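Letter by letter, the chains look like this.
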Amino acid sequence: MDILGVLQKLGLESGFASFFVTDGGWKNLVMIIIAFVLLYLGIVKKFEPLLLVGIAFGCLLTNLSYFVGQGANALYHPEIWAAFLDETSPAYHSYGAVMREAGLLDFFYIGVKAGIYPSLIFMGVGAMTDFGPLLANPKSLLLGAAAQLGVFVAFFGAVCLGFTGPQAASIGIIGGADGPTAIFLTTKLAPELLGPIAIAAYSYMALIPMIQPPIMKAMTNDKMRKVKMVQGRAVSKTEKIVFPMVVATFVILLLPSTAPLIGCLMLGNLFRECGVTERLSDTVQNALMNIVTIFLATSVGATMVAQNFLNLNTIKIIVLGLIAFAISTVGGLLGGLVMYKTSGGAINPLIGSAGVSAVPMAARVSQDVGRKYNKNNYLLMHAMGPNVAGVIGSAIAAGFLLSVFG
Amino acid sequence: MIDLVNISIPNAAGYALLGYLVVFLGLVMLMCVIFIMGKVMHREPKAAPAAAAPAAAPAAAPVVKAAPAPGSAGDFKLYNTDPRDAAMVMAIVADTLGKPLNELRFISIREVKEDEV
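Here the protein sequences line up with chains Y and U, keeping their order. First residue of the first sequence: 1, per our numbering; consecutive thereafter. First residue of the second sequence: 1, per our numbering; consecutive thereafter.
Looking at chain U on its own, in the form it has when it is part of the complex:
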C-alpha cells in the first residue's frame, strides 16, 4: 500500500503522469461525446442562395468574397473605432437582441462624433 501522505518522489511522478493522462482521457472522451451530439443535433443549413453574399458586396469590388461560415461574424470594417470599443458594442448589441454573438453578422462599426449626430 502506497503512503499517499508521505509520498515518495517516484510515486509522485507516477501519479502526476497518471493524473495528466486521466484529464486528457476524460476530455478526449467528452470531445467524442460532443462530436456525436453535434452530428446528431446539428444539420447544416441548406446552401443559401449564392446571390446573398455577392449582392451585398460593393459593385466596384473586383473580387467577391465568399460568404462567411454560418454563424460567423465575418470580416467587418472598423472606422475610427478602437477594437476594444467595437467588441463592447458587439457584446451590447448581442445582449440587447438576446442573441449569441456568433449568430450575428456585423458589417462595419463606425464612431459617430457628437457634431455628426
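Bound conformation, chain Y alone:
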C-alpha cells in the first residue's frame, strides 16, 4: 500500500496546493479575500444583504473549487459557458452539453442564462409594488424617464473606454439602478461581465443613501426642498386592476424585447390587485421571491471567476457604474426641477431623484432629505410615483438596448 503516494496525490489535488501550482492560482486567493469583504459588507454593514450574502458566497464557492486546468470538482465551469456562446463549438447554445459536465452552480446559472430568475424577481417586485401613487400622478412617469439619463451616458462612456457595443449597453444599464434588469440584459449581451456588473449594481443600490443626498443638495435650494406637496387623488380598485393589463399590453407592443420583464412585473402586480389571487400574490411576494433570490445570488456570484474578474475592465465597470448612478440622479433631479418650475413651485424637485428605480430605497432618500429641511414634510408617497416609474423606465431602456445590440 503506497500511503505516501496517496497522501502526495491528495496534497497535490487539494485546493491549498492549487493556489500555488496552477496557472493564476493566486488570483483565486485574491477572489476569496474579496468574497470575505463582500460577506462583511453584506452581514455587518447590511449592504443589500439578501443578495450580497448569496453573491459573495457564490463567489467564494467558485474560487474554492475552480482552478484553471482542474475543473473536475468545480461547482461552476466558465469554459462550459464560453463554449455555450461559441458559434463554432458543438456545445453552442446546447443546454444538454452544459448539463453533461455541469457542477451545482452551473445548474443554478441556467436560470440566469435563460432569463428566468430576473423575470421571476420582477414578478415578486410587481406583487410587492403599489402603483397607486403613479396612477394618482401619472406625470411621475416623466421623472422615471428623466432618471434613465445615466444609463445612456454610461453607455457612451463605456464605448469611449473601449468596451464593445453590447458590453457598453450592459454597463450602462447599471444606471437604471435595477439589479434584475441589469442581470437580465447582461446575460443576454455580455455574460462575461455579469459578475462585476451585478456587484456594481447591487453595491451602488445599497449606497444610494450616500450617493444621492450630496447631489440633491447641490442641485436644489432650501426653498425648493421645503416644498410641501398636495396629496394625489384617490385611486380606485378598478384602476389598479386594469393598470397592469394596460401597461403590459402597451409597453410590450411598443418594445417586444421588454416582454419577459414587463410581463412578469405586471403579472405579479395583477396577482396583488385583482383580489382573487391572494394566495398566489403571497407566494410570489414571499416564498418564490426568496427561493429565486437564493438561486440568482449564488449563481451570479459564481460567475466571479478569478480569471474573468481580476482585470482592468472590472475597475472601469465599477467607476462607470458610479457615474451612471450619479448621472441618473442628476437626470431625475433635472426632471424634478423642470416640474417644479412648470408647476409654479407645487412639486418638490427632490422626488425626481427617486426616479432611479431602486425601490423603495431612492424614495426613502427623497423623504429623508426633504424632512431635513421641513420637519412636517412627508414626500415618501409622492416619491414612490417616480420610483416605480423608474422600474418601468429601466425596463424600457433595457428593452431598447436589447433590441439594438441583442
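Just so you know, the hints here were simulated from the structure itself, not pulled from any lab data. Since the structure is predicted, the reported quantities are computational estimates derived from the model, not experimental observations. Just so you know, even glycine gets a beta-carbon here, dropped at the ideal spot from N, CA and C. The reader is advised that the hints may include incorrect statements.
As the list claims (entries may be wrong) - Taking lysine to aspartate or glutamate pairs in the DMTMM-like style, the calculated list, with each CA pair at most 20 Å apart, reads:
| no. | chain 1 | residue 1 | chain 2 | residue 2 |
| --- | --- | --- | --- | --- |
| 1 | Y | 113 | Y | 87 |
| 2 | Y | 113 | Y | 101 |
| 3 | Y | 375 | U | 3 |
| 4 | Y | 372 | U | 85 |
| 5 | Y | 188 | Y | 87 |
| 6 | Y | 9 | Y | 23 |
| 7 | Y | 375 | U | 85 |
| 8 | Y | 375 | U | 95 |
| 9 | Y | 372 | U | 82 |
| 10 | Y | 223 | Y | 368 |
| 11 | Y | 237 | Y | 278 |
| 12 | Y | 375 | Y | 222 |
| 13 | U | 99 | Y | 130 |
| 14 | Y | 113 | Y | 192 |
| 15 | U | 99 | Y | 282 |
| 16 | U | 99 | Y | 278 |
| 17 | Y | 237 | Y | 130 |
| 18 | U | 77 | U | 111 |
| 19 | Y | 237 | U | 82 |
| 20 | Y | 226 | Y | 368 |
| 21 | Y | 188 | U | 95 |
| 22 | Y | 113 | Y | 79 |
| 23 | U | 77 | Y | 87 |
| 24 | Y | 237 | U | 111 |
Claimed, not checked - Which residues of chain U face chain Y? A partial, calculated answer using Cβ under 10 Å:
| no. | residue |
| --- | --- |
| 25 | 81 |
| 26 | 92 |
| 27 | 93 |
What the hints assert, rightly or not - To spell it out: a stretch of chain Y is covered by chain U in this simulated footprint if at least three of its residues, at any positions, have a beta carbon under 8 Å from a beta carbon of chain U; those stretches are:
| no. | segment |
| --- | --- |
| 28 | 65-76 |
| 29 | 144-152 |
| 30 | 317-328 |
Put chain U on the given structure of chain Y with help from the hints.
Chain U only, in chain Y's frame:
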C-alpha cells in the same frame, strides 16, 4: 450597415441620444394612456358635506383648515413619536385593515408609555 460590436464613438452618441428619446417617448405615451384611463374610470366623489372637516376641527381653532384631498393622509400630528416609527405604524395599520395607505386618514399618532397603559 453599422458595426454594433465595435461601435464608433459618434454612433454610440447617436444611439445614446436615441435610446433616451425612446424611453421618454415610451413613458410619455404611457402617461397619456394612464391619464385617459384615469379620466374614464375615475369619477371625483361628489363634494362631501362641507361640515365634515370643520366639525372635526377643534372649536378653539381660529382658522379652519380645508379638508384634505380625497385619499389624503392629511396633516397629522406626532406626539413623542419618531417619524420613522409613525411611518411604520401607518404601514401596519394599512396592512392590518387591508386598505391602501392613501385611502386612510390619520389624525395623530402618540407614543403611549408603558406606565400610561
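Do the hints match the structure? See the list:
1. Y/113 <-> Y/87: 16 Å, holds
2. Y/113 <-> Y/101: 16 Å, holds
3. Y/375 <-> U/3: 54 Å, violated
4. Y/372 <-> U/85: Satisfied, since the Cα-Cα distance of roughly 16 Å is no more than 20 Å.
5. Y/188 <-> Y/87: 15 Å, holds
6. Y/9 <-> Y/23: Roughly 18 Å between the alpha carbons, so the hint for residue 9 of chain Y and residue 23 of chain Y holds.
7. Y/375 <-> U/85: 14 Å, holds
8. Y/375 <-> U/95: Status violated; Cα separation ~25 Å.
9. Y/372 <-> U/82: This hinted pair holds, its Cα atoms lying about 13 Å apart.
10. Y/223 <-> Y/368: 16 Å, holds
11. Y/237 <-> Y/278: 15 Å, holds
12. Y/375 <-> Y/222: Holds: residue 375 of chain Y and residue 222 of chain Y sit about 13 Å apart, inside 20 Å.
13. U/99 <-> Y/130: Holds. Residue 99 of chain U to residue 130 of chain Y sits at ~11 Å (cutoff 20 Å).
14. Y/113 <-> Y/192: Roughly 11 Å between the alpha carbons, so the hint for residue 113 of chain Y and residue 192 of chain Y holds.
15. U/99 <-> Y/282: Given pair residue 99 of chain U, residue 282 of chain Y holds - Cα atoms ~16 Å apart, limit 20 Å.
16. U/99 <-> Y/278: 14 Å, holds
17. Y/237 <-> Y/130: 11 Å, holds
18. U/77 <-> U/111: 11 Å, holds
19. Y/237 <-> U/82: 32 Å, violated
20. Y/226 <-> Y/368: Status holds; Cα separation ~12 Å.
21. Y/188 <-> U/95: 38 Å, violated
22. Y/113 <-> Y/79: Holds - the C-alpha atoms of residue 79 of chain Y and residue 113 of chain Y are around 15 Å apart, at most 20 Å.
23. U/77 <-> Y/87: Measuring from Cα to Cα gives roughly 66 Å; hence the hint is violated.
24. Y/237 <-> U/111: 33 Å, violated
25. 81: Status violated, d = 12 Å.
26. 92: Result: violated, 15 Å to nearest chain Y Cβ.
27. 93: Interface hint status for residue 93 of chain U: violated (15 Å vs cutoff 10 Å).
28. 65-76: It is violated: at least three residues are needed, and the segment 65-76 of chain Y offers just 0 whose Cβ sits closer than 8 Å to chain U.
29. 144-152: holds (count 7)
30. 317-328: violated (count 0)
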